[in-house]
Amino acid sequence: MTVRTPDVIARNPSTDGFSRETSHNLVRAIRASLTAQSTDAAALLEAYVALDALGAARWLLDSGAVRALIPPARLSAALATLIERLPVDLNDDGREIVEAVARTHADALPPDALAALWSRLPRDRERTWLRDEVERALTAAPGNAGVLRAAVALAIQAGDAPRAHALLTRLGRADSTLATTTYVRNTRKTLPPTGAPPARVALLSSYTIDPLIPFVDLECHALGLAPEIYLAPFNTWAREVIDEASGLRRFDPDLVFLSVAIDDLIPSLSRGHVPAEVLAEEGEGAVRRVVEVAARFRTWASTPLVVHSFHSAFGGPAGILDGREEPSRAAWLAELNVGLAEALRALPSCYLLDVSDLLLRGSAPSGDNPKLRHLASMRLPSAGLPVIARAYARYIAPCKGLTRKCVVLDLDNTLWGGVVGEDGLSGIRLGHTSPGSEFVEFQEFLRALSQRGILLAVNSKNNPDDALEVIRSHESMILRESAFSAVRINWRPKHDNMIEIAEELNIGVDSLVFVDDNPDERALMRQALPQVLTVELPHDASLYRSVLEDLPQLQVLAVTEEDRMRVGHLYANRQRQEVKIDAASLDDYLRSLAVAVECARATPAMFPRLAQLFQRTNQFNATTRRYDISDVSRLSQDPAFRLYGLKARDRFGDHGLVAAALVRITAPLWTIDSFVMSCRVIGYGIETSLLAEVCAEAIAAGATRLEGEFIATSKNVPAKDLYARHGFAWRETTGAVERWELDLAAAVRVPPWIAREPQ
Amino acid sequence: MTPEDVVSKTFGVGRSSITDATSNQSVADWDSLGHITLVLELESVYGVSFSPEEALEITNVAAIKKALERRGVAW
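Note that the protein sequences, when read in sequence, are chains A and B.
Each residue of the first sequence is one higher than the one before, starting from 1 at the first, in this note's numbering.
Each residue of the second sequence is one higher than the one before, starting from 1 at the first, in this note's numbering.
Derived by calculation from the structure, the hints in this document are not laboratory data.
Mixed in with the good hints there might be a few duds.
Claimed, not checked - Between beta-carbon pairs, the in silico distance windows are:
#1 B/Glu57 - A/Pro435: 52 to 58 Å
#2 B/Ala21 - A/Arg125: 42 to 48 Å
#3 B/Ala21 - A/Asp252: 44 to 50 Å
#4 A/Leu360 - B/Asp20: 30 to 36 Å
#5 A/Asp496 - B/Ala74: 39 to 45 Å
No residue lacks a Cβ here, since even glycine has one placed at the ideal position from N, Cα and C.
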């Protein structure tokens, strides 16, 4: 082995404090060890770096010698130490040398060292090699915060704002400290807007909640929203709601979060013993103050209000005697929160966010950070901020209509451990003990999801017989066949199955979530169908549950009776399909279903479901006018309008409230402003029944003409011929609105196969 | 990670422009909230807990270094 003398060092000794002699001695030692082919060269290099970073850098430029002597892993470590140890006030020459070293050994540069180097180089000129290296490191270490920061800066330099936004979101997730998250938010402010739909979030608090803002901002961006966050001035939470000229009212929020610290409302909590009866009284007063503000808010806004539960920084003053003589502070607080929750339940769209539970179950270590409390009047622990922001996202997503309708699941290693095709029915891991109990827990959670109204489906590469045997007969299987609204078990590409599942369920591909343990399948799905939300599942099956639990896109703001019944419906639908095949004609089939409908003017009990129909129905929706619950309540009482809801059932089950019509009344003309029907009852003539009811009501009120409005969207094709099919004639089109008219002398009739039930 | 790195990271200021004299007067985002952010970041990076007085004093890089040195923290 020939080794060249690293004469660059001899010519150019270090300038940062180490003598020429030290350098020479080291070089000599290295050389000696080389000649002896000893394995100490790497250790010597490390010592050299530690003693004289710049001197070592010069030697490292001699790549031939370096590579011959130093094993790659040790070289990587030495480079990392070298860059880390560079003096802060390195001059331009020094930087050039270090950059040259890094470039020479770019392939051995660990991601952290690359990131550190990037942060130390001035942004004075384009460095193509560095850009390429950052790109490479991003693939090798996708979660490295330093590399992400570098990549963000490069994307901004290149003028690629969408990429910069995406990388900033990744950076915020990779390093969820306040410092990085604040940096992420500040950097976004310098970028052009994303064009994403806005999310107007207001924060009201009795304490400094400013540090939460960057975290909420991050979560909104992660949901594909462009957040606008309103922070009420310090401790004005009550005034902002009451004052008609407040910033909050002008802001017009989509969603409001209210956090009031019990320690602010009852200052005596930090002091000594407070008699139980005084505490009880003060506690009631505190609940009353918060609830009054919530009720006041309801008088002028129908947007969701999320209220933090009470938590205190202070334990009981009696130490271990707390709870011995009288109820403990914790017990008192728990009781207070029960009262708060109860009072909020009585108000529409008010939610209690259980902060103690969140902090306890999350990884945040404590509910109090004394220093921040004193220094900044902050009452949330800094480690809890990302947890709370993620909890906020679970309200923001459904509020902005981002709730997905169906979770599509892989089977092997997703719903059970192992591969059924190889391990067999008795070999797969599914049961009371680990490994296996993780999957039971996950399935239990999925069942809870379906009770929330979220559908489940299967998309698995398997022999159908093997997989179905597990679903049907494994004793520990929680999700049986009836739990799944669509099932695809075959060997076709999963994205093809996905499209079929969406079609079968009459929902968009963008309503699906895909859960699969196999990273290759996930990558393929993201590639083929980016609209599908493909969940990044961890290796550890015991974490599956919490990953889906935390997913904002699976949260709903209200569960209606129809949601709870939906899963049963779709299973019944599969049975209906089977009847369809048996029945000789469509007419026979419809008669055999024994459909019965019941139509009525809207009553308060129907409001939540009516609002849901107006807001969520995309396909069978004539005008896609989105009325929320406060609109529904107002319109049902307005004498200029009539609002009808229609319930349906058949011999396989109750469909619930599935269609609605809103009519504007001007004698002798009635105008159908909105007509919506759940797409799962398309094809039974239910829309005809509702139109017939509207005709009958109009005639009874003395009207002679009925008009239907239609506004085409990209999704409402199924409703396109609603009026033409029922004898309406096109009259005119103004702007986007088509007007169709029916002479009530030829009123629509209820189809012969549908039974009309009395109201 | 040096104190300069922490300041650079927290406020998104180029590392090469940071000196001992860099302070809450010279960095735009180093306001009262930014200061809390920086204190939290320093405490987490170096595993220390500053006293309330220190937390208020460390408004420039030299003061940060001095406070860390007092606690025997090396970087």
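So, going through the hints one by one against the coordinates:
Look at B/Glu57 against A/Pro435: about 54 Å separates their beta carbons, and that is inside 52 to 58 Å. A hinted range of 42 to 48 Å is violated for the C-beta pair B/Ala21 and A/Arg125, which are about 26 Å apart. Restraint check, B/Ala21 to A/Asp252: a C-beta distance of roughly 45 Å satisfies the suggested window 44 to 50 Å. At roughly 43 Å, the beta carbons of A/Leu360 and B/Asp20 sit outside the given window of 30 to 36 Å.
Distance hint for A/Asp496 and B/Ala74: a CB-CB separation of about 59 Å, inconsistent with the stated range 39 to 45 Å.
Taken one by one, the earlier hints fail for this structure at numbers 2, 4, 5, listed in ascending order.
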